[in-house]
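Quick note, the sequences are listed as chains A and B, same order.
Each residue of the first sequence is one higher than the one before, counting from 1 in the numbering used here.
Each residue of the second sequence is one higher than the one before, counting from 1 in the numbering used here.
Honestly, the hints are just simulated from the structure, not real lab data.
Everything hinted at is true.
Stretch by stretch, here's where chain A covers chain B in the computed footprint (C-beta under 8 Å, at least three residues):
#1 23–35
#2 38–51
#3 102–109
Calculated lysine to aspartate or glutamate pairs in the DMTMM-like style (CA-CA distance at most 20 Å, straight line):
#4 B:Lys42 - A:Asp85
#5 B:Lys103 - A:Asp85
#6 B:Lys1 - B:Asp67
Just a few of them, taken from the derived set where beta-carbon distance is under 10 Å, the chain B residues facing chain A:
#7 Val4
#8 Gln6
#9 Ala9
#10 Leu89
#11 Cys90
#12 Ala91
#13 Ser93
#14 Gly95
#15 Asn97
#16 Arg98
#17 Leu99
For glycine and all other residues, C-beta sits at the position ideal for the given N, C-alpha and C.
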Amino acid sequence: DAGVTQSPTHLIKTRGQQVTLRCSPKSGHDTVSWYQQALGQGPQFIFQYYEEEERQRGNFPDRFSGHQFPNYSSELNVNALLLGDSALYLCASSLDRSNYGYTFGSGTRLTVV
Amino acid sequence: KQEVTQIPAALSVPEGENLVLNCSFTDSAIYNLQWFRQDPGKGLTSLLLIQSSQREQTSGRLNASLDKSSGRSTLYIAASQPGDSATYLCAASYGNNRLAFGKGNQVVVIP
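My request is simple: use the sequences and hints to build the entire structure.
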């Protein structure tokens, strides 16, 4: 039973560039959430996708955008990268309207230089 | 504001001792609380999920309790082992489609 799969595992980008991170949810899950985790901090909610639409958004600028595909997989896009965007980006999947918790992927480590 | 606090930020214990990790949350209207383990530079592994109607959950050497009235959850790890060294994060769900995380307890078990 495949869990949440994220790609790539590591990425180095230059300031001002754009990046796309990918996530495949756990089998049977239909909801994908994205979190940003800075070093030494707890994960911060970026947004959640359900039925191919952004359902809720955290306190992140419009440079952060996403997409969900019909097969429930998702992408996180970040434009005009800043040094402060360097972090571990975590994808979590869940089953909508259930109370069974979230399953997280291994994350993508983004370094902006 | 829904805030989650974990104290202490870091702790070390000798192998074999029981670990007690605390998590506090400001809003008692919680749907559930989830404990995660995170190894350095890695993703989150779910350990235990406690529903708001439950008072505790157990899995092997792990036991987590939930007290909504006092806004607290505690994770107990019995007979700690060096392999238990990691950061432990608690996250509260309020049914608003997002998790509120604490900053974590960084644990080192000394052989």
